[in-house]
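Novice: Here's the letter readout for the chains.
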Amino acid sequence: MSNHYYNAEDLNKFGDVGKYQKELADKFFGWYGEVFKDSALSAKEKSLIALAVAHAVQCPYCIDAYSSDAFEKGWSESQLMEAVHVAAAIKGGAALVHGVQMMNKVKEIAM
Amino acid sequence: MKSLKAQHSPLADAHEQIEILEHGANHDDAFRLIPFQQKLEGIGLYPLKPTRLEIFQINVGKMCNQVCKHCHVDAGPDRKEIMTRETMQQCLEVLKTNPSFKTVDLTGGAPEMNPEFRWFIEEIKKVNPSINIIVRCNLTIILSNKKYYDLPDFFKQHNIEVVSSLPFYTKDRTDRQRGDGVFENSIKALQMLNAVGYGVAGSGLTLNLVYNPAGAFLPPSQTSLEKDFKDSLKRDFGIVFNNLFAITNLPISRYLDYLLQSGNYEKYMEKLITAFNPAAAANVMCRNTISVGWDGFIYDCDFNQMLELKVDCSSKHIAQFNLQQLANRSIVVNQHCYGCTAGAGSSCGGAVTV
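Protein sequence lines, in the order shown, are assigned to chains A and B. Here the numbering used here is used: the first residue of the first sequence is 1, the next is one more, and so on. Here the numbering used here is used: the first residue of the second sequence is 1001, the next is one more, and so on.
Looking at chain A on its own, in the form it has when it is part of the complex (with noise of 0.2 Å):
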């Protein structure tokens, strides 16, 4: 085993887990490649969404890819950095909003 979790590497052995289960890997792959085609959106916006999302859900592997992906389809350094702060407040608002339950509880049992 490895000693450590995340290996740059194993992005491009992703294909991989149709090694133990095939039928699911590749529909999975297929579906994958479906979503990310031009369609009602644009590969490129499609792009810019998944860098984003690859920030809220910190995949390192998605990060890489999607850097990559989304500078070469044309986005510029200001545009991917505007997408990593609206993941980046969408995530902290997540948090914050809470306090309105954080305030209701306090509100129920406080005198």
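Mixed in with the good hints there might be a few duds.
[As the list claims (entries may be wrong)] Simulated DEER-style distance windows between Cβ atoms:
#, chain 1, residue 1, chain 2, residue 2, range
1, A, L41, B, N1132, 35 to 45 Å
2, A, E77, B, N1145, 57 to 67 Å
3, A, E45, B, P1035, 36 to 46 Å
4, A, V84, B, M1001, 29 to 39 Å
5, A, V53, B, N1132, 39 to 49 Å
6, A, V53, B, I1043, 35 to 45 Å
7, A, V17, B, A1327, 42 to 52 Å
8, A, S42, B, K1049, 32 to 42 Å
9, B, L1260, A, S42, 29 to 39 Å
10, B, M1001, A, E77, 14 to 24 Å
11, A, G33, B, E1054, 32 to 42 Å
12, A, V17, B, I1131, 49 to 59 Å
Don't read these hints as lab results, they were simulated from the structure. Where a beta carbon is used, it is the ideal one built from N, C-alpha and C, also for glycine.
Put chain B on the given structure of chain A with help from the hints.
Specialist: Just chain B now, kept in the frame of chain A:
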């Protein structure tokens, strides 16, 4: 920014580049890749043979007003190697006796800097008035000196197809690759070309643009990129053009230098190989093109020319041009060829697959 030659870089030597491509940056085989030849064998394309020779590409010299970071020619103002009128006359003779060539593709450096450039175009038209002449114009040459201001009119007068590099529709990426101020001057030059009708629907004057990635990555979809270029250039500058050619940077000369300096060489080569596309391999440009160097030697393509890999037949110089021999030769391949077979493929006319 100076040419590799002016810097006395080891990479100015074609043999050094081939050593790196075959044996890795340290020549020690620590980083080895599947030979391109083996990839072609696997799909029944080796030896790679020409299909039909239709494009006669002539590199009229390495002199250029720009020094771009990715340049595979190592062109620049310091490069004095340019084609003489005598060699051009030999090219004209070949065109006269071989009417199967439908296109003459003039490249450089900045081809317009060759003092015989205009004479050569006029003579080509005399030899074959209906032949399609492409000039690979870097745009900024038009504004670089008063004597070039009338180039758009000259191109129009001879119905030249203009193919121009514009790495991106924004200033930052363009200037990063081609130098400060290049984007602004390129936009002005494109407006001058549009003003005489180039790229304008119904004018019959073709203006195509070339995209190269400004970094260690492959071009995105040519179709999507063309739409982005058209939308942005029209909206921001009122510029129109015909087609966008998305070209992959090949790992030679100054681009190889960039890959090595930035630590991207191995990853880039692996990326090219992972993206190997058999359909693109079947459509590579060297199968229908002959490339003539400034000194009259003949090559399979402009990249082989820069690596000094002459054609593998006895018709090695324009003075001994023999169409039959060239049509039957085996095309010389090496590891840089992965650049033309990655993804949608790449040629001087952009992607080679849909």
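Novice: Does each hint fit the structure? Answer for all of them.
Specialist: Checked hints:
Against the hinted window of 35 to 45 Å, the Cβ-Cβ separation of L41 (chain A) and N1132 (chain B) comes to about 39 Å, which satisfies the hint. Taken as a hint, the range 57 to 67 Å is violated for the pair E77 (chain A) and N1145 (chain B), whose Cβ atoms sit roughly 35 Å apart. A hinted range of 36 to 46 Å for the beta carbons of E45 (chain A) and P1035 (chain B) is consistent with their spacing of about 40 Å. At about 32 Å, the CB distance of V84 (chain A) to M1001 (chain B) agrees with the hint of 29 to 39 Å.
Look at V53 (chain A) against N1132 (chain B): about 48 Å separates their beta carbons, and that is inside 39 to 49 Å. Take V53 (chain A) and I1043 (chain B): their Cβ atoms lie about 37 Å apart, and the range 35 to 45 Å holds. Distance hint for V17 (chain A) and A1327 (chain B): a CB-CB separation of about 49 Å, consistent with the stated range 42 to 52 Å. At about 39 Å, the CB distance of S42 (chain A) to K1049 (chain B) agrees with the hint of 32 to 42 Å.
Evaluation of the 29 to 39 Å hint for L1260 (chain B) and S42 (chain A) yields a pass: the beta carbon distance comes to about 34 Å. Checked against the hint of 14 to 24 Å, the C-beta distance between M1001 (chain B) and E77 (chain A) comes to roughly 22 Å, which is consistent with it. Restraint check, G33 (chain A) to E1054 (chain B): a C-beta distance of roughly 36 Å satisfies the suggested window 32 to 42 Å. Evaluation of the 49 to 59 Å hint for V17 (chain A) and I1131 (chain B) yields a pass: the beta carbon distance comes to about 55 Å.
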